[in-house]
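**Q** Sequence lines, in order, name chains L and P.
Residue numbering for the first sequence follows full-length UniProt numbering, beginning at 1 and increasing consecutively.
Residue numbering for the second sequence follows full-length UniProt numbering, beginning at 1 and increasing consecutively.
The hints are simulated quantities; they were obtained by calculation from the structure and are not laboratory data.
Ideal Cβ placement from N, Cα and C applies to all residues, glycine included.
Some hints could be false.
Derived coverage of chain P by chain L (criterion: at least 3 residues anywhere in the stretch with Cβ under 8 Å from a Cβ of chain L; other residues may be distant) [to be verified]: (1) 128-137; (2) 257-267.
Taking lysine to any residue and the SDA-like style, the derived pairs with C-alpha atoms no more than 20 Å apart in a straight line are [said to hold, decoys possible]: (3) P:K136 / L:A248; (4) L:K64 / L:Y334; (5) L:K366 / P:R128; (6) L:K333 / L:T41.
So the derived label-pair ranges between C-beta atoms look like this [to be verified]: (7) L:E352 / P:A10: 53 to 61 Å; (8) L:E118 / P:Y267: 23 to 31 Å; (9) P:I95 / L:K397: 42 to 50 Å; (10) L:I380 / P:I156: 42 to 50 Å; (11) L:P368 / P:G163: 35 to 43 Å; (12) P:G6 / L:V381: 36 to 44 Å.
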Amino acid sequence: MTMMKKLLTSAVASALMVGGAQAEITDNTVKIGYLADMSGTYRDLAGPNGLKALEMAIADFGGKVKGAKIEVVSADDRNSPDVASSTVRRWLENDKVDMVSGLVASSVTIAATKILEENDKLGLVSGSAASSITNEHCTPNHIHYVYDTYALSIGTPTAIVQEGGKSWYILTADYAFGHAMEADVTRVVEANGGEIVGSIRHPFPTPDFSSFILQAQASGADVIALANAGADTTNAITTASEFGVTQAGQTIAGLVVFLSDVHALGTQAAQGLQLTTGWYWDMNDETREWSDRFLKETGARPTMVHAGIYSSAMQYFKAVEATNSDDAQTVRKYMMENPINDMFAKNGRIREDGRMVHDMYLAQVKTPEESKDEWDLYKIVRTIPADEAFRPLSESKCKLVAGK
Amino acid sequence: MSMILGVPVAVLSGQLLIGIINGAFYALLSLGLAVIFGLLKIINFAHGAMYMLGAMATVIMFDMLGLNYWVALFVAPVLVGVFGMLIEYFLLRRISGQDHIYSLLLTFGAALMIQGVLTNIYGVSGLRYAMPDAFKGGMNLGFMFLPYYRAWVIAIALVVCFGTWFMIEKTKLGAYLRAGTEDAQLMQGFGINVPLLVSLTYGFGVMLAAFAGVLAAPIYSVTPVMGSHILIVVFAVVVIGGMGSIAGAIVTGILMGIIEGLTKTFYPPASSAVIFLVMVVVLMFRPTGLFGKEA
């Protein structure tokens, strides 16, 4: 009889849930798709080592959530939105993927999250820069975790203008991301009383920057800002150092700089460079402990994107465990309700537009004398509080924000 | 300050000089391509990969063996040249006499494989290579600051380009080479080892690319993908100059460097397209290129 009662109650309980979230893990498997640039320009900031970070998270969680096995599939998006769309579609239809992790080039992310929205699955975006991902391109099916162009433009330009760098010359990568970055920087510089004296839109990618550096040098501006990324940024910095830009008193401001870029440049060429980052491996015991493990696995120190992939996956598994569900909306709701406190972020919280807000950091590249080893690269100069770092909801164009 | 089209003369002179420096790289690279195509009729799509291998070898030899820049300047091109000869001996030889498209596809595939393997090992962020001490700093020319290293690039590139032209067009060895590719059977009848000549020619063309790679190592980011970016531009330069014309490749290389440099001053967004625009115009009026012989 008690048996019958139990059955009945559970039947009623399940009936009540119809229309709501299913409180179960489908196929008894939690399947993660890792989508990133595995071979191109953005390989080193996420790429194969990002997959390692994801696997570390799965191992740390014991390989299972509530008895359901965690599995991973991965693919190279080749920085192409088309490849990304077809891959994600295939994953959702054939592989029963529940969550997509990685997501690097902004164009790839915008394409992939659209498919996720159509199929109501979840995307945890760790690599992308464009702030539009949680603004005009926001969906109820993704979370933007690590950083964005808005946060980057708040950090470095504000600090440099306040230190007296009033006149700015901007070298902009001539595509959507570069234009967005240029606009964000212009706004911040002018709001702080600085002035833009000139800018150049250079082709993407540009192997030789000497011509542009020469023009920036001739402008006499206090600051030469680089609204580009990856190899363009490292090439521009190397050339600036060769042409004696910093020795002549001009400051170089890198706007999107990853640890992998600075490592490639070395402290000799990059010393003194100011940059904004969402995380750095050598901040405290927790970050060091995790980074040591990462170093052992991969032979490299993690970038903020690697740390974000690990952290977001852990938060996801916790949410699946707590809700006993892999339904996108149930999991996202739980993640929004529970602040993030781990080695990546303290009191990080996910807003309704999908933006994870957390403290950002203004860092400066160490001099060769200060740097103890090849990965000892940053000094954290200032913490940018979460409230200042990201675009306030009052300025949001996201359809999910109340009143929009 | 006097101005030309709204640009100060001083800035313009600087841009011209920068254009010549970049042109020197184009000249070296397109020269190798022209040698390989002109003499062997092979469309060498692995040329960018060979340039990259030259730069990578420079960095790796320094990191692992402590060999400095001057050693690399000789050793890296030789190593890459030998590697090229192996490709010629084991792969290209098997398809000689076939349509151009076969050599194009084969070398393109080889390039992708070389690039993929190295990307897997070294990543794409770039390897560090410090400027050799002898070239640190630069001189103030009044209109611009010229790093010593860039001056060296122009000088050595011109010497190598002229030397190559002289060897192929004016010496006995060059005459053998040209004759061997015109009529291999006849040359063989004269007791010349034509297959060896072919291997050596391919190796030499590849060496020129690797040499440009060594020159690039201290100033550009050294990555496994660096060759793929420059390859297409260099092909355009060769087409403008006239496929297979040695002197054409050199002159056009420098000319295109200058045109690109000026575009970077007057209208930067067009700078990556301007060489292709020139190519279209040249092909419309002179289908064999500026220096090409009429077919």
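**Q** Hint by hint, say whether it matches the structure.
**A** Now for the hints, and whether the structure bears them out:
no. : hint                        : result
1   : 128-137                     : holds (count 4)
2   : 257-267                     : holds (count 3)
3   : P:K136 / L:A248             : holds (15 Å)
4   : L:K64 / L:Y334              : holds (19 Å)
5   : L:K366 / P:R128             : holds (16 Å)
6   : L:K333 / L:T41              : violated (34 Å)
7   : L:E352 / P:A10: 53 to 61 Å  : holds (55 Å)
8   : L:E118 / P:Y267: 23 to 31 Å : violated (41 Å)
9   : P:I95 / L:K397: 42 to 50 Å  : violated (57 Å)
10  : L:I380 / P:I156: 42 to 50 Å : holds (44 Å)
11  : L:P368 / P:G163: 35 to 43 Å : holds (39 Å)
12  : P:G6 / L:V381: 36 to 44 Å   : holds (40 Å)
When the structure is compared with the earlier hints, violations turn up for hints 6, 8 and 9 and for no others.
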